[in-house]
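Peer 1: The residues making up each chain are set out below.
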Amino acid sequence: MGPALAVVAGLLVVWQVGVEVSGVAPQILPSPLRVLEQGWAYREQLWANTVPTLQATAVGFTVSLALAWGLAVAVDFSPWLRRALTPLLVASQTLPIIAIAPLLIIWFGFGLAPKVVVIALVTFFPMTVGLIEGFDSTPRQATRLLRSMGASRWAQFRYVRLPGAMPSFFTSLRIGITYAVTGAIFAEYVGATAGLGIFMSVQKNSFRTDLVLAAVVVTALLSVTLFALTFLVQRLVAPWSRDG
Amino acid sequence: MGEPKLRVQDVHLAFPGLPVLDGVSFDVAPGEFVSLIGPSGCGKSTLFDVVAGLHRPDAGRVVVDGRDATGRVDPFAYMPQQDLLFPWRTVLDNTALGLEVAGVPRRTARRRAGELFGAFGLAGFEGARPAELSGGMRQRAALLRTVVQDRAVLLLDEPFGALDSLTRADLQTWLDDVRAGFGWTVLLITHDIREAVRLSDRVVVLGPRPTRVRCEIPVDLPRPRPQEATAAAGAVEAEVLAALRPG
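Top line first, the protein sequences correspond to chains A and C.
Throughout the first sequence, residue numbering follows the UniProt record's numbering, covering 1 to 244 in sequence.
Throughout the second sequence, residue numbering follows the UniProt record's numbering, covering 1 to 247 in sequence.
Just chain A, same shape as in the assembly (with noise of 0.2 angstroms):
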């Protein structure tokens, strides 16, 4: 923590001298000061902004992280499943999100549904692989362990499979919950009534740089809070994975 806070600051520093040095207008670049006040300024509009943001976010994740434990159990257990969906989970990771979101927009309207779906596009994937190449880690010497011992596939998937995938599991949460939150905003940005992605859009439209960074500063903190809960959730859930 302390050598990536010393090296924001540091940049920091070098921004506002620089903005104050050249004189450059705050709607080409604003200073950090700028936006740090003029966030504060408006931070009820922020706010207000960010509740329907971390609200998809958490929605559309849900449902991606049920879609992706759904799909990963089933292929686990599924040879035929296997091969009939894994070409399917890498021709989902061809599309392209800019040009279909548009699109979502107008088969779902400018409410929650749309953001869900792109955020659960964005992140099902890496999750899904994650949890396959989890299950997929067991030992072969510890399968025939189980086995010898009488147990069951299910049994076999309970005791050794599941808790060995712990580890790739939590790996590709970090990695789908900091695209969950860009993808919520980016979901915004193609239509929404509220949320920090419109937010952005609609600020600059009207040329004010300052507020649009101000609401990239609480993405950021919103990523990076979100990315810290799961080392405290593989603490409690699996605490002797210390990878985190």
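Simulated from the structure, these hints should not be mistaken for lab results.
Quick caveat: nothing in here was measured; it's all calculated off a predicted structure.
The beta carbon of each residue, even a glycine, is placed where N, CA and C say it ideally should be.
Computed, partial: chain C to chain A, Cβ under 8 angstroms:
| no. | residue |
| --- | --- |
| 1 | 52 |
| 2 | 73 |
| 3 | 76 |
| 4 | 80 |
| 5 | 82 |
| 6 | 87 |
| 7 | 97 |
| 8 | 101 |
DEER-style ranges, computed between Cβ atoms:
| no. | chain 1 | residue 1 | chain 2 | residue 2 | range |
| --- | --- | --- | --- | --- | --- |
| 9 | C | 162 | A | 51 | 51 to 59 angstroms |
| 10 | A | 96 | C | 126 | 55 to 63 angstroms |
| 11 | A | 136 | C | 115 | 31 to 39 angstroms |
| 12 | A | 86 | C | 17 | 27 to 35 angstroms |
| 13 | A | 94 | C | 41 | 38 to 46 angstroms |
| 14 | C | 221 | A | 143 | 32 to 40 angstroms |
| 15 | A | 86 | C | 41 | 29 to 37 angstroms |
Put chain C on the given structure of chain A with help from the hints.
Peer 2: Using the frame of chain A, we list chain C on its own:
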């Protein structure tokens, strides 16, 4: 000799284009310790899979206590080369795993495993994580997990292969001791001639792949056997080595 505990009878197995077992037959008497030794790649592990019921043979039978046990896992407790203690379980929970898998209630499983901790030199480590144990202790925990399942025959697949030689020698002495107390019937795979002679009542020598039993060498040495090499043990080792040599 009376009825054997385990009888392996003319077992054949081939993988596509690769015959592995070519009529393997041998017996293990109740309470007997038998080692299987053979050139590397001869199919020892495949034979173990067949005996353990993990792989069905193309032909031949595995018989335990006079009943056909071909393709069945329940007469056997299997101990693999790696200890395979799982980091998400405490040492006690790891040793109780086999019982739990077999449907024994968790509390009973833990109690039964816990009762053996003293004899296995693990007392006080019930709540520890496997990573906190030394290599020798981990192997003892893995063996405890194996024997507590209370199966008819113990199958040990190079259980000490990954240990340093000092730990290995100590564990061999220890295993020889506890086995006498419990009266286990053991089939051990090893590639270590000294280990085979040290521990066994009889050594079964396998030929190269496709493998069959070349000869059986009884080890008539008094117990407890010393860790140090003796002339008598050396003579048996030489006999095993000669039997392993091609031709």
